[in-house]
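> One-letter residues, chain by chain:
There are 2 protein chains.
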Amino acid sequence: MSTIDDLSINTLRFLAADAVEQANSGHPGLPMGAAAMAYVLWQNHLRHDPSDPKWLDRDRFVLSAGHGSMLLYGLLHLTGYDLPIDQLRNFRQFGSLTPGHPEAHITAGVEATTGPLGQGFGNAVGMAIAERFLAARFNRPGHTLIDHYTYAICSDGDLMEGVASEAASLAGHLGLGKLIALYDDNEISIDGSTDLAFTEDVEARFEAYGWHVEHVEDGNDLDAVDAAIREAQAEADVPSLIAVRTHIGFGSPKQDTADAHGSPLGEAALIASKERLGWPLAPRFLIPVEVARHMGAAKTRGAGLSHTWREKLEAYRAEEPELAAELERLMRHELPGGWDSALPVFEASAKPMATRAASGKAINALAGALPTLIGGSADLAPSNNTTITGAPAHSRDEHGGRNFHFGVREHAMGATLNGMALHGGIIPYGGTFLIFSDYMRPSMRLAALTGLHVIYVLTHDSIGLGEDGPTHQPVEHLMSLRAIPHLTVIRPADANETVEAWRIAIGRGGATATGGKGPVVLALSRQNLPILDTNAAPMRDGVARGAYVLREAGSGATGAAAASPEPAGDAHAAPGLVFLATGSEVELCLRAGARLEAEHGLRVRVVSMPCWELFAEQPQDYRRAVLPPDVPKVAVEAGVTLGWERWVGADGLILGLDRFGASAPGKEALERLGFNEDNVVEFGLRAVRDVAPEPTLG
Amino acid sequence: MSTIDDLSINTLRFLAADAVEQANSGHPGLPMGAAAMAYVLWQNHLRHDPSDPKWLDRDRFVLSAGHGSMLLYGLLHLTGYDLPIDQLRNFRQFGSLTPGHPEAHITAGVEATTGPLGQGFGNAVGMAIAERFLAARFNRPGHTLIDHYTYAICSDGDLMEGVASEAASLAGHLGLGKLIALYDDNEISIDGSTDLAFTEDVEARFEAYGWHVEHVEDGNDLDAVDAAIREAQAEADVPSLIAVRTHIGFGSPKQDTADAHGSPLGEAALIASKERLGWPLAPRFLIPVEVARHMGAAKTRGAGLSHTWREKLEAYRAEEPELAAELERLMRHELPGGWDSALPVFEASAKPMATRAASGKAINALAGALPTLIGGSADLAPSNNTTITGAPAHSRDEHGGRNFHFGVREHAMGATLNGMALHGGIIPYGGTFLIFSDYMRPSMRLAALTGLHVIYVLTHDSIGLGEDGPTHQPVEHLMSLRAIPHLTVIRPADANETVEAWRIAIGRGGATATGGKGPVVLALSRQNLPILDTNAAPMRDGVARGAYVLREAGSGATGAAAASPEPAGDAHAAPGLVFLATGSEVELCLRAGARLEAEHGLRVRVVSMPCWELFAEQPQDYRRAVLPPDVPKVAVEAGVTLGWERWVGADGLILGLDRFGASAPGKEALERLGFNEDNVVEFGLRAVRDVAPEPTLG
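As they're listed, the protein sequences go chains A and R.
Quick note on our numbering: the first sequence kicks off at 1 and runs consecutively.
Quick note on our numbering: the second sequence kicks off at 1001 and runs consecutively.
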């Protein structure tokens, strides 16, 4: 080990240990153990431009073991990213750019938000997919615009998580040759030795997945790490795992113990560590001048790399102006003009259609204008209607394939979609049954936290799916997804609302891959629903506003013929009762409303409320106009009642489902569990009758 | 294949195909393909008593691929379980005993609720753990009371799911020699050939996990299946996977296609199938007399097995009366007298204590009286305080170990806990951070659906956990867990409430393994909380009722000294404002309440509300007494506001957190995001001030 290598690696180790000590919180063990391999990777291999962290063709680096965040912050600082040393001194403090675990929307150069284990590994798989897809789309003979690696450092914990197992199986299946994962095999987890819980043969497992596996016995052997990375790079057709035997908390008295994992070393052990590795005890946060220069050279190198790439882009533009324009548009995260012009409009006279079917039509109407709208399903493509007709499946041999068979791997799908979005250039979507959103919920949460533009196509959205029964019938899922901050949940009532939902979903991309308006859930029916009787314009505005008056009171309509985009202002139209509903229950409310008008002389408004989050963003005037404060209200949704008090008020009634479903034909399941016209009418009558309600409904 | 074998297997095949056809819904493919292996297993190996489905020492059989439910229903019917043919004719109909996917609480002989893939596999791991633990506890030389296998049939989809990967790694690690999984390797999933997404070497993967692997090339070769099962049984020290190459929809024109998977064959294909396999076209649901006799012999055989076992139990009782009494108590799902007598009481003068620490003390206080209370953590034992002091870790060599190192495998932990509970004789608990409940949510839902007695110890329950930041700070989790039907979520406010929460959690077991009061979540603080100033009795009743008056208005108390178990009835005590809060926010409300009384002359009641579900079960009188309808209310909880309108009413205010958290020291994170005394006081003043509230808060 040359002096400068040694110095650089120890700088990384002690920046981490000092920062954790200063914060009195954090994880020194991983940075100290994995500093050498990270250094080799960053110094010898990683092609990036610290001055241009979003350069499209940079190599991606994901620290899947996010608890080792200080290792990443140290690397970013030393290689010249916009992360001043004061930020490292403020590690884990409120408002700093150095949160406890890396957050991609907070810190330039952080490629993925990690910490929940296994996620970063799955993100890396998604990034490698995105790279390969974009390479297939844009590269031309003599013009290799997209050509970069995705590297990840992952831990025992990452590889114990099922999401990583799924993602590894998928990556091996797809033969993602430019994915290289370094496994920080330190044989220690929080409970103690990994012998306590993790004695499988990881390397053999990855070979079984179809990965190339390298083994480095000494994680501080820079040449061995370097050689392994070169071997991995040479494997063009399969992903590579490099298992590197490291020592957690290397150099400290707590080395090779769980004590080094998640707590500061403590003053005494920190001093002892520095003494053992020949490091000055003071000052803290020491960066030798030669290390600053040596590792800081990444900035010059990186500027050269990105400059060369921009020259390649110029040459490309000369020969492939349209593709170049498309690529540059993607880099700006912009949609092409007229991207939504092919979206269909369904006539009310058309046959009833499941919203999942309408969603499939919307996807196909968008696919032409949005060539990097890609996605698929967790082995439910025929049910989720997620297939782009005529496009090939993405596979080991078909890198430009837009249809993804994720397998029965919802969680890997979620993490992979995040990686595709994080990579940039792609609008990814993924489908499964709504109930199985539970299987990928941790990934969905990270998409929301990071503001990723990911679209979830979640079909079979209620007990209306029928015979599969309560194991497959979502009940609490709509509400528990609404509970996730920055996640937009849209449950359209018919085919046209579904088209609008897609328009909104596509439009929610941000100006960068992270920090945008966040992911969108489309909750879609298995069963056919009538096309509502409205014209497209008010519905379009209405869906965009989250809720709107679909049927005005006194209209006499059984459909929505008399609805106006804004509620009518004249007293004549003032409703005596408001139904508010989502998805398949909207049509039920229309029928019940018409009956209440005809048979009971009530003036009934029906509000379609496909999206809580969008409605909540509206000005108070609009919200009050749609849901007048003093009018009795009944909410109808085939899911848990929890939360609906927000919109119906304490005096309102909620027709929901606070139990699990039942195996029966869908229509019967709905009717038996209360979602029938008689019961909705009864709720309406009760809402109007009840004057002295109970404040608590539980 | 002998005639009777042939007839029996075809009976299973066509019972399934006929039932799916009749229901016009379901999955004929798996039963037709896997009937032979299931038949061999049930006919030659499975030790069970159809007349006594809950016989403790029966072999367990889990159909992890729950969509093949008709195979299981066929087996149950033919071997003499209480499942009449009319139930098979009513497959997937409302109220039948034959729901679309098997539900353990519905159908006698169904050992696990399956359908969501991978779960049953994990349940089987838990059952094998339970068997081994109980064997270690109860078996004595010459007295082998507990000695049975756990068998599972699983599909491609099961083995693609991360939860199964995690569980397989755990099972291999633990060396569960009596776990035998038959893999129905039919090479077809919903999207088509498994080549589309699943090309890994499954057998090599399981070998990497430390499993014994058998391969059967022809799933209809009964001798080969039988031999493989015998080989697997002979492997006493490691679990076994038997990969059986089968043909989905065997015998039908749709054989080996995805069309055979999830839809009725259709009249023509059904007829063609029967013709091809030499089966009478009529009547449907045909059971040849000789098959009924042949397979029905399981009933006599089973009665003999369980009879012999009861004789063994008698002999055991004579020599080990105490252990026998304990075993019989477990079989009755009863708790021993005085089981809770060692639970601690903490004095208000004691030092502040994190509720996770109090939970650790409660576990240890219960461990003596409840020798089959066993559990552990997903690699967070030191943080979750889940370790039973002095008890060994459960391991390959220590079968009586009560402490489980589940590894960083939350999902497998969830599925395994379910299996332990389904097995019976065990009260299982598992710990992780509250945020990582997302990783095991599908298992938690199935525990709730099935009514399993599982206890989740979920610590680090708010942004108060601090520096780890938003990736680790739960925000929406309390509410999204409350949204799951039949799941009881308790968030205690201090050490004593935590003890009561444990008392409740232990007491919620049912009379059988399934269909009880369901699982319990304990949401516990990382940070220390003061011991509230109350005596144990009213708090005990109060926690059991879900919410109670901790501080009465006008008491002048900063603690809860003046609280009474029931709210005071005299007008003098009528509050002008009610704070309701859970967990760590209760103490904050006490301080704010005292300040509002002292500085603003308000009469402030503070309600501690550790459990919504228990409070909702109370009589209206009690609920109104605790939360008087016409008094302004403020709810305070460091989580999303969604849902709190239920308790504060439309005029109430909610101090919550509708955003992700922030990396900062816990106290600072709480204070910065609004959970400080000043802000609570401000909310209190606003609640009293506001008279014309907006009906919608969003």
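Incorrect hints may appear among the rest.
Ranges between beta-carbon positions, derived for each pair [stated by the list, open to error]: (1) R:F1285 with A:N528: 51 to 59 angstroms; (2) A:K54 with R:S1193: 51 to 59 angstroms; (3) A:K667 with R:F1285: 23 to 31 angstroms; (4) A:D218 with R:G1510: 54 to 62 angstroms; (5) R:E1328 with A:R659: 30 to 38 angstroms; (6) R:H1105 with A:P392: 43 to 51 angstroms; (7) R:G1390 with A:R686: 55 to 63 angstroms; (8) R:G1510 with A:N528: 52 to 60 angstroms; (9) R:S1193 with A:T389: 15 to 23 angstroms; (10) A:T389 with R:A1282: 50 to 58 angstroms; (11) R:G1507 with A:S349: 56 to 64 angstroms.
In short, the hints are calculated from the structure, not lab data.
Beta carbons: idealized from backbone N, C-alpha and C, even for Gly.
> Determine for every hint whether it applies to the structure shown.
Evaluated hints:
At about 31 angstroms, the CB distance of R:F1285 to A:N528 disagrees with the hint of 51 to 59 angstroms. In this structure the hint that A:K54 and R:S1193 lie 51 to 59 angstroms apart at CB is violated, the actual value being about 39 angstroms. Between A:K667 and R:F1285 the Cβ separation comes to about 25 angstroms, which falls inside the hinted range of 23 to 31 angstroms. Take A:D218 and R:G1510: their Cβ atoms lie about 55 angstroms apart, and the range 54 to 62 angstroms holds.
Remark: the range hint 30 to 38 angstroms for R:E1328 to A:R659 is upheld by a beta-carbon distance near 34 angstroms. For R:H1105 and A:P392, the Cβ-Cβ distance of about 45 angstroms falls inside the hinted range of 43 to 51 angstroms, so the restraint holds. Our hint of 55 to 63 angstroms for R:G1390 and A:R686 holds, since their Cβ atoms are close to 58 angstroms apart. Take R:G1510 and A:N528: their Cβ atoms lie about 40 angstroms apart, and the range 52 to 60 angstroms is violated.
R:S1193 and A:T389 have their C-beta atoms about 20 angstroms apart, which keeps the hinted 15 to 23 angstroms range intact. A C-beta distance of roughly 42 angstroms is found between A:T389 and R:A1282, which places it outside the suggested range of 50 to 58 angstroms. With their beta carbons about 60 angstroms apart, R:G1507 and A:S349 fall inside the hinted range of 56 to 64 angstroms.
Violated hints, in rising order: 1, 2, 8, 10; the structure is consistent with all others.
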